[in-house]
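As given, the protein sequences belong to chains A and B, one line each in that order.
Each residue of the first sequence is one higher than the last, beginning at 22 in my numbering.
Each residue of the second sequence is one higher than the last, beginning at 96 in my numbering.
Take the hints with a grain of salt, since some may be wrong.
Unchecked claim - Now the stretches of chain B that chain A is said to cover, found in silico as 3 or more residues with beta-carbon under 8 Å:
| id | region |
| --- | --- |
| 1 | 113–126 |
| 2 | 151–163 |
| 3 | 166–174 |
| 4 | 186–200 |
As the list claims (entries may be wrong) - Distance ranges between label pairs, derived from CB positions:
| id | chain 1 | residue 1 | chain 2 | residue 2 | range |
| --- | --- | --- | --- | --- | --- |
| 5 | B | 200 | A | 145 | 47 to 53 Å |
| 6 | B | 203 | A | 158 | 33 to 39 Å |
| 7 | B | 102 | A | 54 | 35 to 41 Å |
Calculated from the structure, these hints are not laboratory results.
We put the beta carbon where it would ideally sit given N, CA and C, even for glycine.
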Amino acid sequence: MMLLATLDWYSLFFLLFALLTCGFAVGVLFSDNIVHMAFYLTLSLGSCAGLFFLAGAPFVGAMQLMIYVGGTVVLLAFGVMLTANANFSSLRIPRGGWVVSLIVGGLLLVLLLTAALRVESWRTPRDEAVLPLAEVQTATVLGAGLTGVRVDKLHEDDPVTRRGMSGYLLPFVIISVHLLVVLVGAAYMARTRIYRRSASGNPRSRTG
Amino acid sequence: MYLLLAQITVAHYLVVGAVLFVTGVLCMATKRNAIGVLIGIELVLNGANLNFIAFGSKYLRHDTLGFDGQLIALFVIVLAAAEAAVALAIALNFYNNHTTIDVDKAEDLKG
Numbered sequence: 022m023m024l025l026a027t028l029d030w031y032s033l034f035f036l037l038f039a040l041l042t043c044g045f046a047v048g049v050l051f052s053d054n055i056v057h058m059a060f061y062l063t064l065s066l067g068s069c070a071g072l073f074f075l076a077g078a079p080f081v082g083a084m085q086l087m088i089y090v091g092g093t094v095v096l097l098a099f100g101v102m103l104t105a106n107a108n109f110s111s112l113r114i115p116r117g118g119w120v121v122s123l124i125v126g127g128l129l130l131v132l133l134l135t136a137a138l139r140v141e142s143w144r145t146p147r148d149e150a151v152l153p154l155a156e157v158q159t160a161t162v163l164g165a166g167l168t169g170v171r172v173d174k175l176h177e178d179d180p181v182t183r184r185g186m187s188g189y190l191l192p193f194v195i196i197s198v199h200l201l202v203v204l205v206g207a208a209y210m211a212r213t214r215i216y217r218r219s220a221s222g223n224p225r226s227r228t229g
Numbered sequence: 096m097y098l099l100l101a102q103i104t105v106a107h108y109l110v111v112g113a114v115l116f117v118t119g120v121l122c123m124a125t126k127r128n129a130i131g132v133l134i135g136i137e138l139v140l141n142g143a144n145l146n147f148i149a150f151g152s153k154y155l156r157h158d159t160l161g162f163d164g165q166l167i168a169l170f171v172i173v174l175a176a177a178e179a180a181v182a183l184a185i186a187l188n189f190y191n192n193h194t195t196i197d198v199d200k201a202e203d204l205k206g
């Protein structure tokens with residue numbers, strides 16, 4: 022019982038979710054089967070939602086679970102099913118391609134890690150006592166920010182920082198219109214074209 | 096190694112984001128299945144999202160992005176969903192026309 026009390030649960034859960042996220046991302050990379058890849062992507066994105074919760078962004082974490090894990094991955098699964106073909110479900114690249122891409126990827130990873138660990142203020146933890154995670158409420162502030170009112174910045178004294186409180190109404194409207202256009206476009210492109218019956222009476226239908 | 100023992104900071108989140116980004120880029124480069132490329136794009140966007148959340152979190156750092164990080168992360172999630180829908184529609188159309196989903200076979204526009 023003493024051991025349980027001394028454990029740092031925040032770090033423990035962070036390490037758990039971080040390992041799951043990275044591990045399943047690597048699983049996506051090295052898997053040949055497209056169905057396995059979609060499944061690993063689901064698990065990786067779900068663990069990433071756990072990291073969002075730990076960072077004090079529960080609303081974004083919930084949106085991640087609903088839109089990504091619930092929507093995008095289902096979309097991907099349907100894509101896999103509609104294009105499933107025994108010959109194409111696992112397409113391999115030549116061995117030389119793997120070697121080159123692993124070298125390039127390793128270099129990119131080293132670059133990003135040195136950049137992430139170089140900056141002193143990113144490595145120093147917050148000095149004050151850690152706020153309780155349960156008290157964080159973000160949905161209202163985010164919703165007000167999307168409609169153009171930054172309620173979290175109303176009391177800024179500094180006029181320079183107060184300039185940042187313009188909110189996100191215009192990007193919100195643009196994204197809404199963008200989503201509508203995308204939905205219409207996707208439905209138009211993915212639809213099945215059926216041609217009229219030919220003169221002989223044979224139902225000639227073609228997909229494409 | 097000291098990262099494992101220290102208190103969780105922004106750097107921890109950046110490391111996870113970097114791993115997600117690199118695996119996503121490698122996925123885009125090495126997969127020949129069009130849907131595999133799409134999965135790689137999702138991983139890259141998720142890695143970027145994780146960085147936005149980390150820089151906006153008041154639990155990790157004193158002076159943060161505030162709620163801007165979370166708002167931008169929401170925009171990224173929505174745009175990723177829209178992009179997945181369009182890309183899958185293109186992939187389905189390509190499959191219907193060519194009866195394959197191998198991106199190496201998509202060379203009709205090659206000059």
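Comparing the hints with the structure gives:
Coverage of the region 113–126 of chain B by chain A holds in this model, with 13 residues showing a Cβ closer than 8 Å to a Cβ of that chain against a need of three. Here the region 151–163 of chain B counts 10 residues with a CB under 8 Å from a CB of chain A, which clears the bar of 3, and the coverage holds. With 7 residues having a Cβ less than 8 Å from any Cβ of chain A, the region 166–174 of chain B passes the three-residue criterion, so the hint holds. Residue count for the region 186–200 of chain B with a Cβ under 8 Å from a Cβ of chain A: 10. That meets the three needed, and the coverage hint holds.
Between residue 200/B and residue 145/A the CB atoms are about 52 Å apart, so this pair conforms to the stated range of 47 to 53 Å. Between residue 203/B and residue 158/A the C-beta distance comes to about 53 Å, which lies outside the given range of 33 to 39 Å. In this structure, residue 102/B and residue 54/A meet the distance hint of 35 to 41 Å, their C-beta atoms being roughly 40 Å apart.
Against the hints set out earlier in the document, a violation occurs for number 6 only.
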